Amino acid sequence: MRLPQMRYGLPLIFGVFFLLLLGGSFFAPWPWARWPEKTQHLFVEAGTWIFQRTQWWSRASTITPEELAALEAQRDAYAVGYAQGLLLEEENAQLRELLNFLDRQPYEYVTASVISRSIASSSTTFVIDRGSVDGFYKGAPVITGQGVFVGKIISITPTTATVSPLTNTTSATAVSLLNETRTMGIAQGEGNQVVMIHYIPQNEQVDPQDMVVTSGLETSVPSGLFVGIITQVNGETSSPFQEAIVEPWVDARTIRFVSVLLLKENL
Amino acid sequence: MKWFLGIGLWFLLVVFELSFLRSLPFPWCALPCVFAVSVYLLQHHRILQAIGWIGGYGVVLDVFHLGLVPFETLPLLAGTAVAWFGSRWFFSYRSYYGLLANAFCAFGTLWVVRAGEWMIIWFFHPEYVQGSVLFSLFFVQAILFFFLISLLFFSAKKIRRFLSLIFFIPKIS
Chain A
1 MRLPQMRYGL PLIFGVFFLL LLGGSFFAPW PWARWPEKTQ HLFVEAGTWI FQRTQWWSRA
61 STITPEELAA LEAQRDAYAV GYAQGLLLEE ENAQLRELLN FLDRQPYEYV TASVISRSIA
121 SSSTTFVIDR GSVDGFYKGA PVITGQGVFV GKIISITPTT ATVSPLTNTT SATAVSLLNE
181 TRTMGIAQGE GNQVVMIHYI PQNEQVDPQD MVVTSGLETS VPSGLFVGII TQVNGETSSP
241 FQEAIVEPWV DARTIRFVSV LLLKENL
Chain B
1 MKWFLGIGLW FLLVVFELSF LRSLPFPWCA LPCVFAVSVY LLQHHRILQA IGWIGGYGVV
61 LDVFHLGLVP FETLPLLAGT AVAWFGSRWF FSYRSYYGLL ANAFCAFGTL WVVRAGEWMI
121 IWFFHPEYVQ GSVLFSLFFV QAILFFFLIS LLFFSAKKIR RFLSLIFFIP KIS
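From first to last, the protein sequence lines stand for chains A and B. Here this note's numbering is used: the first residue of the first sequence is 1, the next is one more, and so on. Here this note's numbering is used: the first residue of the second sequence is 1, the next is one more, and so on.
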C-alpha cells in the first residue's frame with residue numbers, strides 16, 4: 001500500500017520544491033538563490049565556446065597572405081602604441097599620486113554574466129544575471145572588461161536585465177570622433193553588426209580608421225568609452241551631409257561577461 | 001505530477017534554446033527547438049500541455065525582449081492553435097506526412113502573424129525592419145524546423161519510451 005504513495009508522493013514534494021526555487025529565483029536577492037541564472041550561464045559558455053572556435057576556423061580558411069601581412073603590420077603598430085600607453089599610464093599614476101588626486105568618477109562598476117540571447121543574425125539582445133535588486137536601471141551603459149562600450153540596458157526584472165547592443169536597429173548612442181575637430185553625432189545600429197553615423201556636415205574631416213568614443217551627451221553614459229573604428233565614409237560633395245560606417249570593437253555575440261556602469265547616486 | 005515534470009522539462013528546453021542554441025553561430029542559433037518539440041508533442045503524442053509550453057515560452061521571450069517581434073506570444077499561440085486544430089480534426093497523428101502538413105500549417109501561421117506585427121512596426125519605424133534579414137531567417141528557420149520535426153518523428157519510439165519512463169504519458173501494453 002505504501003509503494004504508490006512513495007512513487008508519487010516523493011516526486012510531488014520534489015516538484016513543489018523545484019517550482020518554489022524556480023519562482024523564487026526571479027525575486028530573491030541572495031546569490032545562492034540564483035541557480036537558474038548560473039545554469040543558463042553554463043549553457044551560454046558552452047555555446048559561445050563553439051561559436052568562437054567556428055568563427056576562428058571559418059576566418060582562418062578565408063584569409064589571404066596580403067591580409068595576413070596587413071594584420072601583422074597593424075599588430076606591430078599596436079604593440080608599439082601599447083608600450084607607449086603603458087609608459088604614459090605609469091607616468092599618469094605617479095602624477096596623480098603626487099597631486100593627491102581624488103577619485104571624482106560618479107560611476108561604479110558591477111560585473112554580470114550573460115545568461116540568454118536572442119537570435120544573433122537580426123537582433124542581438126542578451127540577458128544578464130543581475131537586475132534591479134543590484135541597483136541596475138534602464139539606460140545604464142554596459143561595457144566589456146577592457147572598457148569598450150557594448151550597449152545599454154533596455155529592461156529589467158528584479159534579478160535580470162536585458163541589454164541592447166549598439167548594433168541593434170533600435171539602438172542609438174551619442175558618439176564623438178577622435179579626429180581633429182572632435183566631430184559629434186548619433187551612432188545608429190544597422191542590425192548587421194555595424195553602426196552608422198548619419199548627418200555629419202560636409203565640412204568635417206572624417207577618415208577611415210578614425211576612432212569613435214561615447215560623447216557624454218547622454219546623462220547615463222560617460223564620455224570616452226571606446227565604441228569602434230570608422231571603416232568607410234560615404235557622401236557626395238553635392239550632399240550637405242556625409243555618413244560614416246563604424247565597426248564596433250566588440251562582437252556582442254561572443255560576450256560572456258560584462259560590466260555595468262552605475263551612477264553612484266542611484267546606488 | 002505530470003504537470004511538475006512538464007514544467008521541469010519545459011524549463012530545460014527553454015534554457016537549452018535561449019542559452020545554448022542561441023549562442024551558437026548562424027544558422028544553428030535560429031533552431032526553433034521549443035516550438036518544434038511542442039508541435040511534435042501536440043500532433044504525434046496528443047499532449048495538450050504543449051500548448052502551455054508554447055504560451056510560457058512566448059511570455060519568457062516577451063518579458064526578456066528576446067523575441068523577433070515585440071509580442072512573440074501572439075504568433076506562437078496562433079501557430080499552436082492551428083497545430084492543435086489540425087491534429088484534432090485534419091491530420092493523422094500516426095503519419096509522417098500528417099505531421100509534416102500540420103507542422104507546415106503551424107509554422108506558416110507563426111510567420112504570417114509575425115509578418116503582420118512587422119508590417120505595423122514598419123509603418124511607424126521603417127528603419128527597424130530589415131526585410132532581407134528576416135526573409136533569410138524565415139528560410140533557414142523553416143529548414144531547421146522541418147529537419148527537427150522529422151528527427152523527432154523518426155525517434156518517436158525512443159521519445160515515447162522516455163516519456164512513459166518519467167510517467168509523462170501512460171505506458172503502452
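Treat the hints as calculated values from the structure; they're not laboratory data. Any given hint could turn out to be false.
Stated by the list, open to error - Output of the computed footprint for chain B on chain A, the stretches with three or more beta carbons under 8 angstroms from beta carbons of chain B:
#	segment
1	44-52
2	161-172
3	178-187
4	209-217
Unchecked claim - If you want a taste of the chain A side facing chain B, the calculated C-beta under 10 angstroms gives, among others:
#	residue
5	Q55
6	T231
7	K264
It should be emphasised that the depicted structure is a prediction, and the values quoted were computed from it without experimental measurement. Note that CB positions come from ideal geometry on N, CA and C, so glycine has one too.
Each hint tested on the structure:
| no. | hint | in the structure |
| --- | --- | --- |
| 1 | 44-52 | holds (count 6) |
| 2 | 161-172 | holds (count 4) |
| 3 | 178-187 | violated (count 0) |
| 4 | 209-217 | violated (count 0) |
| 5 | Q55 | holds, 7 angstroms |
| 6 | T231 | violated, 19 angstroms |
| 7 | K264 | violated, 27 angstroms |
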